[in-house]
Amino acid sequence: MTTATTALPTPRALAGGGLTAVRRNPLLMVLALMVLVFQLTTGSFLDAGNLRGIATDAATLAIVAVPLALLVISGYLDLSVGSTLALGGLVAGWLAGQQHQSPVVAVLGALAAGAAVGAVNGVLCCYLGLSAFIVTLGMLTAVRGLAQQLFPLPLSSFGSGFAWLGGSRIAGIDAPVFIAALVLLAGALFLALTPAGRHVFAIGVNREAAYLSGVNIRRTPFALFVVTGVAAALAGAIKASVLDSVVAGTSGAGFELTVLTAVLLGGVALTGGSGSVFGVLLGVLFLGCLQNGLTLLNVPTFWQQMAQGSALVAGAALAYFGPRLTR
Amino acid sequence: MTRFPQAVPSASRRQFLAWSGGTAAATALALAGCSAPDAGATSAKATGTAAGSSKTLTRIGFDYPFTQLPLYSTLVKLSTAAAKQHDISLLTTSDAGNADTQATNLNTWVSQKVPAIVSFPMVFEATEAIAKRALDAGLIWVTYGGSLEHQSADIQFSFLEGGTLLGEAAAQWADEQLGGKGKVAFLTDSTIQLGRERTKGMIDAFTKNAPGVDVVAQEQAIDPDTGLSKSRAVLAKHPDLNIILGITDAAAYGGFKALQQAGRKATDARTFVGGQDGSAPSLLAIKQGTFYRASAALAPEDIAAAVVEVPRAVAAGKANPSAQVPITLVQRGDTARIDALLAQNS
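These protein sequence lines map, in sequence, to chains A and B.
Residue numbers for the first sequence follow full-length UniProt numbering, so the first one is 1 and each next one is one higher.
Residue numbers for the second sequence follow full-length UniProt numbering, so the first one is 1 and each next one is one higher.
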């Protein structure tokens with residue numbers, strides 16, 4: 001019987017596993033170093049209140065980054081998530097605030113809007129074979145235009161019921177963070193334990209070989225497009241709830257690049273076929289901690305931009321060269 | 001032979017592309033038909049700088065680059081209505097906050113000889129040459145939000161003054177409520193001229209009038225998301241922060257929410273949040289008596305009127321056709337003013 005030994009790993013095995021994790025995810029080391037530097041220089045970086053703020057800010061990013069990472073692993077891309085986020089927030093805010101619908105209906109409305117955008121992306125990219133880059137770039141602009149046309153003025157005052165989504169606590173954890181944790185867990189389990197999860201890698205590595213192996217190379221990426229749209233809309237609804245307001249023109253502007261940066265920093269290959277949810281989590285935390293730490297240090301704006309850019313390049317370089325150097 | 005289905009069978013894809021192309025072409029033709037220039041408009045030539053030569057305008061091009069802002073929709077709606085009263089059709093650009101796109105759109109209007117152009121330059125220096133070409137072509141050029149060397153007239157706002165009004169009000173409040181002590185964070189913008197002017201007015205006025213208040217942060221933020229996350233970080237380090245001033249109401253509103261989420265009561269007597277623009281969520285928060293206490297607001301109706309009347313005045317050859325749109329500070333108690341602004345924004 002080997003159950004006992006697998007259930008209780010020895011300290012040596014644990015240490016070895018930790019080293020393996022660092023080797024596979026060099027960003028982990030960079031993140032730890034960054035946290036240490038920020039704590040030593042600001043003295044308040046690791047305060048519970050600040051960590052809570054970082055987690056809440058990073059939650060919406062993680063919610064979208066996980067399905068987007070799966071999409072990228074399967075060899076596709078979705079650049080329309082920023083506009084889908086805005087549309088989701090607006091639909092939810094409109095239903096909750098102006099139509100006085102229950103928060104559940106408001107969120108479901110947002111998810112439906114996100115699913116619709118994702119389905120359009122999925123049909124065009126997976127079934128008609130159009131370039132995901134071009135299609136989702138076009139949708140980024142088209143959905144933003146649609147959102148501004150439908151909701152030209154800011155929406156606000158969504159009521160206390162809808163505020164639950166962004167402001168309540170579940171088991172002592174902020175609701176957005178709790179939702180993000182569920183999404184991360186679901187993504188990790190999907191990739192590791194389900195046949196469809198393995199199909200994602202297979203399609204990303206070689207679509208033709210996957211097809212010849214009997215994998216449905218259209219259905220899985222299509223579903224991922226829909227899930228990514230739904231996740232973006234959910235993130236939009238959460239942001240609308242947190243801010244109790246949404247503006248069609250600015251909500252989620254540039255979000256697509258931030259989330260893609262988190263995904264790529266997390267070690268997901270833009271060419272598809274490799275990546276992990278744990279890596280994505282590191283990418284999300286890296287961006288969240290960097291932004292927060294620079295603000296705590298009161299670094300002037302343009303220096304912040306330079307520091308952010310440099311840190312991203314350094315993080316990406318380490319993620320690329322790290323595994324090769326430690327082999 | 002096994003066929004690898006990269007997509008649907010090629011015939012279907014061809015059909016799809018053919019239908020798509022046909023639909024796009026038909027849509028483009030329909031849109032072109034809708035926006036075809038009328039004969040009267042093309043014949044209406046205005047000599048922008050020649051006072052005394054009266055011309056009738058049939059078209060005005062209004063170039064407001066920040067199409068992502070809610071104010072854009074309001075201004076287009078109100079300006080279109082104001083223009084319609086004089087049988088003028090209002091053209092608009094879609095610059096999406098991009099200076100290069102703005103230059104392209106303005107050049108197109110100049111080459112199409114749109115008789116009057118009202119433009120809010122994102123980069124004033126870069127727009128100078130386009131304005132000169134417009135004047136050389138006999139068009140009216142009205143600069144919005146500043147002045148150019150080559151122009152027929154301008155519509156001024158004094159963004160500096162808006163920032164100054166807010167900074168002075170916050171400083172006075174700090175003096176009265178905090179005894180001149182406390183902590184302030186500024187949400188600023190240094191990327192465009194408008195932002196720099198507002199930022200300078202706000203910070204200079206506040207620090208001059210409340211020298212005892214510690215400036216604990218100056219962070220770039222113009223939208224509520226950024227305002228929220230930056231304010232959260234500042235609050236983690238300075239939980240006793242008293243004042244957040246924003247160069248936009250949107251950013252300040254993010255700060256307002258961050259303070260509330262940090263446990264500050266919405267009516268806290270020792271907290272002050274203020275912004276600029278007069279946007280609806282902020283005006284509502286002021287009206288409700290929260291610690292969102294002030295906004296340096298522009299009235300959209302005043303701007304819309306100027307967008308139409310200034311080029312008309314130039315075309316009519318009137319002397320001193322330029323306009324100064326007032327910025328007023330809206331605070332708790334200015335209920336009638338708030339209601340009027342909310343009605344204009346509705």
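Be a bit skeptical, because a hint or two may be false.
Computed Cβ-Cβ distance ranges for the label pairs, DEER-style [said to hold, decoys possible]:
1) T301/A - S111/B: 30 to 40 Å
2) D175/B - A163/A: 26 to 36 Å
3) G254/A - D268/B: 42 to 52 Å
4) L51/A - D268/B: 20 to 30 Å
5) L51/A - K208/B: 49 to 59 Å
Facing chain A, from chain B, some residues (calculated, C-beta under 8 Å) [what the hints assert, rightly or not]:
6) L69
7) G179
8) E219
9) Q220
10) L228
11) S229
12) Y253
13) G254
14) K257
15) S279
16) P281
17) K287
18) A319
19) N320
20) A340
Partner residues are not named here, just some residues of chain B that face chain A (Cβ under 10 Å, in silico) [stated by the list, open to error]:
21) T74
22) T191
23) A343
24) S346
I should point out that these hints are in silico values taken from the structure, not numbers from a laboratory.
For glycine and all other residues, C-beta sits at the position ideal for the given N, C-alpha and C.
Cross-check of the supplied hints:
1. T301/A - S111/B: 30 to 40 Å: The hint (30 to 40 Å, Cβ to Cβ) holds, given that T301/A and S111/B are roughly 37 Å apart.
2. D175/B - A163/A: 26 to 36 Å: Cβ of D175/B to Cβ of A163/A: about 34 Å, so the range 26 to 36 Å holds.
3. G254/A - D268/B: 42 to 52 Å: Distance hint for G254/A, D268/B is violated at roughly 32 Å.
4. L51/A - D268/B: 20 to 30 Å: holds, 24 Å
5. L51/A - K208/B: 49 to 59 Å: Check failed, 37 Å falls outside 49 to 59 Å.
6. L69: At 6 Å from the nearest chain A Cβ, L69/B passes the 8 Å test, so the hint holds.
7. G179: violated, 25 Å
8. E219: Holds - the Cβ of E219/B comes within 8 Å of chain A, reaching about 6 Å at its closest.
9. Q220: With a minimum Cβ separation of about 4 Å from chain A (threshold 8 Å), the hint on Q220/B holds.
10. L228: At 6 Å from the nearest chain A Cβ, L228/B passes the 8 Å test, so the hint holds.
11. S229: holds, 5 Å
12. Y253: holds, 6 Å
13. G254: holds, 7 Å
14. K257: holds, 5 Å
15. S279: holds, 6 Å
16. P281: holds, 4 Å
17. K287: Cβ of K287/B sits 11 Å from chain A, so the hint is violated.
18. A319: It is violated, given that the least Cβ distance between A319/B and chain A is near 37 Å, above 8 Å.
19. N320: Since the shortest Cβ distance to chain A is 34 Å, the answer is violated.
20. A340: violated, 16 Å
21. T74: holds, 7 Å
22. T191: holds, 8 Å
23. A343: Result: violated, 12 Å to nearest chain A Cβ.
24. S346: holds, 7 Å
Violation of the numbered hints given earlier is confined to hints 3, 5, 7, 17, 18, 19, 20, 23; the remaining hints are satisfied by the structure.
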